[in-house]
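Enquirer: Fit chain B to the known structure of chain A by using the hints.
Each chain, letter by letter, is given below.
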Amino acid sequence: MIRGFFGNAKLALFLAFKSIWKGNRWAALLIICVMALSFAQLVLTPAIISGVTHALNSQQINMLYGNVLVDPDADSYYLAGATEVRSLVEQQPGVVAASAHLAAGAHIEYNWQTATDATATNKGGDWRVIGIEPDNEARVTTISRTMISGSYLSKDDSDQIVLGVEIAGGPQASSASFLNLGGVKVGHKVRLTYPNGTQRVYNVKGIFKAREGEADRQAFVSYKEMVSVLGPELSDSASQILIKTDRSAEEYAVAGSLKSLGIHGQVRTWEEYGGGVGGVVGSFNVIASLIGGIGLVVAAIVMFIVIYINVLNKKRQIGILRAIGVNRFAIYISYLCQALFYAVVGIVLGGLLFGYVIEPYFAAHPLELSIGSVSLATDTVTIRNSVLGILAAAILAGVVPVVNVMRHSIIKAIWGN
Amino acid sequence: MIRVKDLHKTYGNIVSGTHALRGVNLWVKAGEFVAIMGRSGSGKSTLLHLLGLLDRPTRGEIYLDSKDAIALSEEQRTSFRLSRLGYVFQEYSLVSEMSILENVYLPAVCLGRAGNYERRARELLDTVGLGHRLTHYPSEVSGGEQQRAAIARALINDPAILFADEPTASLDGGSARVVLELFRKLNRQLKQTIVMVTHEPEDGKFVDRVIRLEDGLVSQEA
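Chain order of the listed sequences is A and B. Just so you know, the first sequence maps onto residues 1 to 417 in my numbering. Just so you know, the second sequence maps onto residues 1 to 222 in my numbering.
Just chain A, with the same shape it has in the complex:
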């Protein structure tokens, strides 16, 4: 029996080899093309959506939160001993840098000298102002690299402010002009009124566009300047400490190790912090799964049709093989091997097409969306699912038509009556 099994398997491989090697080249090419393009499409669609979610996540990390954050305890407004905490944090494995934020709300006005009523002229509004140590901040967030006008803060700046584009307004802002300052330019003066009544006039040193809505509605002054506004008792305090982790470090592991240090504050990862965006990302993942699933079904149907037609064209040949005594098992396995061969070649070619053409193209020409530049992001689960999907579809498409032909009598298969 075992000898029979191996004999049939050997025969099936021989039939499959001859059919592939000496069969219709155009049909084989068409099947392989369909397989390759189906595979590339199965990987591409989720990769675009993953790219969007990846861009959203990157924006959250690079513009707002860093990878891990330390917040004051629930009953405090500020973290005490910020310098020590920051220094302790930076010594932990996996931590690249940390930046302390000392934040306050402020009413920001522009052209206040000429306006009799700031509200009436629509040149004022309430925004969040953050005191930072520019060098530390530049090691944690990338806002310093998103300046569209002027320059970033320096350590000793005291009468300088950097504005997000959605505060400054102007042609690059996406919000309506009545929701921003209406077009502040670098070198112009703005007046800030803090909740404690302190009023300061700053020179606008730079305007940034982070392409992250919340980040673009923030303004930055130096940490020293913010301490001078809020009072010397906060000279070593922080509203928040942002931590950038090493690319290879596991954020939850870093957060866990920081918690074990006994810092008086709440340690969270950016994902725990950005719950709202997490929901958006989750929704995108659902959409990606749906599109991927539909793509797989469409690819399976296309492959099924192409292979089905190819097998039907060999109906007479299958009948002849049966008539001369080739058993069913060998014929099934032969067509299964052919389908798997086409699928594997298609997957390899599709993978090469994706890896060497599509992905580099998107890397060189990313999609410019409002959330930032989106390039493709692939993951092993998507690739594994696509490979399995193509193989499953190929097996079905290769075997089902043969089963169908086998159900007919030999005479019907040969003469089609």
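Hints are not guaranteed to be accurate.
Heads up, simulated DSS-like pairs for lysine-lysine below, C-alpha to C-alpha not over 27 Å straight-line [to be verified]:
hint: 1; chain 1: A; residue 1: K412; chain 2: A; residue 2: K315
hint: 2; chain 1: A; residue 1: K412; chain 2: B; residue 2: K67
hint: 3; chain 1: A; residue 1: K412; chain 2: B; residue 2: K5
hint: 4; chain 1: A; residue 1: K315; chain 2: A; residue 2: K22
hint: 5; chain 1: B; residue 1: K205; chain 2: B; residue 2: K185
hint: 6; chain 1: A; residue 1: K315; chain 2: A; residue 2: K18
Some chain A residues judged to face chain B by a derived CB distance under 8 Å, without partners named [stated by the list, open to error]:
hint: 7; residue: G7
hint: 8; residue: L11
hint: 9; residue: S19
hint: 10; residue: K22
hint: 11; residue: G23
hint: 12; residue: I320
hint: 13; residue: I324
hint: 14; residue: G325
hint: 15; residue: I411
Just so you know, these hints were derived from the structure itself, not from any lab. Positions of the beta carbon are idealized from the N, C-alpha and C atoms, including for glycine.
Expert: Using the frame of chain A, we list chain B on its own:
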């Protein structure tokens, strides 16, 4: 060698369907070369399909090489067809993706025969005059040569009975004669039992006996 009793074949419904065979009785002795003749629709091809185990009768008995062919399961029929029967089809029936030599030894590979089946295939191709066409593909040889290759294929497993369904129908006069002379040579020299369906009266002179079918019944034997 072949014994058929009250063989019926109806296509479609038993009452209103087409009655291709209505109770055929015949026998063929070992080593005999028999032609089944008749007009189109007389049931001669249907009879050959049933004898060659390519189809199942509606009713009746078939004994091939003393074996009750009706009682065989599908797998047993396949195995019996492979080891004991050879079949030459009406039209070119070679596998287009295989060389002439591969086509001929394919049934031997299926049977898992010990020994050098490739050498045996070469010998058979020499016998049918195709020793120079071993590596050619079916599309590269003439219709007559394809049919001779199909005969060599049918003989590779040393069948007890060789069936041929209008083997000269698609051939020109010269090629048809070569094929018929080959059959006669096989029958005379190797005592090969051959049952051939034909509608050409001329073919009758190559065979030992002619069985005539008319409306699904044997009308005459000569």
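Enquirer: The structure should be examined with respect to each hint, and the outcome stated for every one.
Expert: Each hint tested on the structure:
1. A:K412 to A:K315: holds (9 Å)
2. A:K412 to B:K67: holds (26 Å)
3. A:K412 to B:K5: Roughly 25 Å separates the two Cα atoms, so the pair holds.
4. A:K315 to A:K22: Since the Cα atoms of K315 of chain A and K22 of chain A sit roughly 17 Å apart, the hinted pair holds (cutoff 27 Å).
5. B:K205 to B:K185: Answer holds: K205 of chain B to K185 of chain B is near 14 Å, not above 27 Å.
6. A:K315 to A:K18: Holds, because 16 Å separates the two Cα atoms, which is no more than 27 Å.
7. G7: holds (5 Å)
8. L11: With Cβ-Cβ at 6 Å, under 8 Å, it holds.
9. S19: With a closest approach of 5 Å, the S19 of chain A hint holds.
10. K22: holds (4 Å)
11. G23: holds (5 Å)
12. I320: holds (5 Å)
13. I324: Holds: closest Cβ of chain B sits about 5 Å from I324 of chain A, inside 8 Å.
14. G325: holds (3 Å)
15. I411: This interface hint holds because 5 Å falls under the 8 Å limit.
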